[in-house]
Amino acid sequence: GAVVSQHPSRVICKSGTSVKIECRSLDFQATTMFWYRQFPKQSLMLMATSNEGSKATYEQGVEKDKFLINHASLTLSTLTVTSAHPEDSSFYICSADAGRAGNQPQHFGDGTRLSIL
Amino acid sequence: AQSVSQHNHHVILSEAASLELGCNYSYGGTVNLFWYVQYPGQHLQLLLKYFSGDPLVKGIKGFEAEFIKSKFSFNLRKPSVQWSDTAEYFCAVNPSGTYKYIFGTGTRLKVLA
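Residue numbers (this note's numbering), protein chains in the order written: chain A, 1 to 117; chain B, 1 to 113.
These are calculated hints, taken from the structure and not from any lab test. Where is the CB? At the ideal position from N, CA and C, for every residue including glycine. Some hints here could point you the wrong way.
[Unchecked claim] Partial selection, computed: residues in chain A whose CB lies under 7 Å from chain B:
no., residue
1, Ser18
2, Thr32
3, Gln42
4, Phe108
5, Asp110
[As the list claims (entries may be wrong)] To be clear about the criterion: a stretch of chain B counts as covered by chain A if any three or more of its residues have a C-beta under 8 Å from a C-beta of chain A, and this derived list gives those stretches:
no., stretch
6, 38-44
7, 94-103
Just need the whole structure built from these sequences, with the hints factored in.
This is the structure we're talking about:
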């Protein structure tokens with residue numbers, strides 16, 4: 001089946017640094033990828049939709065200058081958390097969709113646990 | 001606002017017991033519905049999906065779910081759980097024609113051997 005690889009799986013870094021998370025579709029081309037954030041005991045919240053070759057679409061309340069998304073190819077999207085602070089600590093999950101909107105389930109990566117000290 | 005409610009946050013069952021996890025959503029239009037499962041230390045995996053047709057959907061590992069449109073519900077069921085079903089289960093709603101998925105808060109199931 002379709003595989004989505006997310007790297008790294010865990011990051012611990014100091015406040016003020018920037019962290020890049022990669023999301024790759026390994027055996028299919030993903031025209032659209034998604035970035036979610038999950039707080040403990042809460043649901044996955046969609047942060048942004050990443051479209052290959054164009055600007056990402058951010059959900060309301062998500063700072064686009066804080067969470068930079070680049071979808072440079074059909075198999076790779078990156079999320080960069082810029083100048084990270086402890087409140088950015090969370091579990092970030094990407095997913096990918098190869099089909100037209102709504103006709104195929106999304107495939108999820110393993111997630112990245114980000115801890116900012 | 002669109003939302004998905006999973007009323008059971010934690011469920012503990014003995015092996016062979018029957019399972020039903022509730023999922024209700026608020027959205028007036030046509031939707032696609034999903035149940036995902038996340039086993040400990042693993043990524044989200046699709047359990048079953050509903051797009052159209054028979055509202056009773058059968059998924060992997062003996063799970064099934066029934067879409068009741070009038071109740072905006074998509075409850076997950078399994079007649080006899082196994083220890084290996086211990087996991088977290090997420091219901092998700094996708095408004096048709098969009099990429100957006102709205103997830104419930106998840107239900108953590110623990111099956112005692």
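Q: Take the stretch 94-103 of chain B, compare each residue's beta carbon with every beta carbon of chain A, and decide whether three or more fall closer than 8 Å.
A: Coverage by chain A holds for the stretch 94-103 of chain B (10 residues, Cβ < 8 Å).
Q: Apply the coverage criterion to the stretch 38-44 of chain B and chain A: a residue qualifies when its Cβ sits closer than 8 Å to a Cβ of the chain, and three qualifying residues are needed.
A: Per the Cβ count (3), the hint holds.
Q | Status of the hint placing A/Asp110 at chain B (closest C-beta pair under 7 Å) | A | holds, 4 Å
Q.
The hint names A/Thr32 as touching chain B; please verify it with the least Cβ-Cβ distance against 7 Å.
A. holds, 6 Å
(Q) Just to be careful: measuring from the Cβ of A/Gln42 to every Cβ in chain B, is the smallest value less than 7 Å? (A) holds, 6 Å
Q.
Quick check on the hint: A/Phe108 CB to chain B CB, less than 7 Å?
A. Hint on A/Phe108: holds, closest Cβ of chain B at ~4 Å, below 7 Å.
Q) Is the shortest C-beta separation between A/Ser18 and chain B less than 7 Å? A) violated, 25 Å
When each numbered hint is compared with the structure, a violation occurs for hint 1 only.
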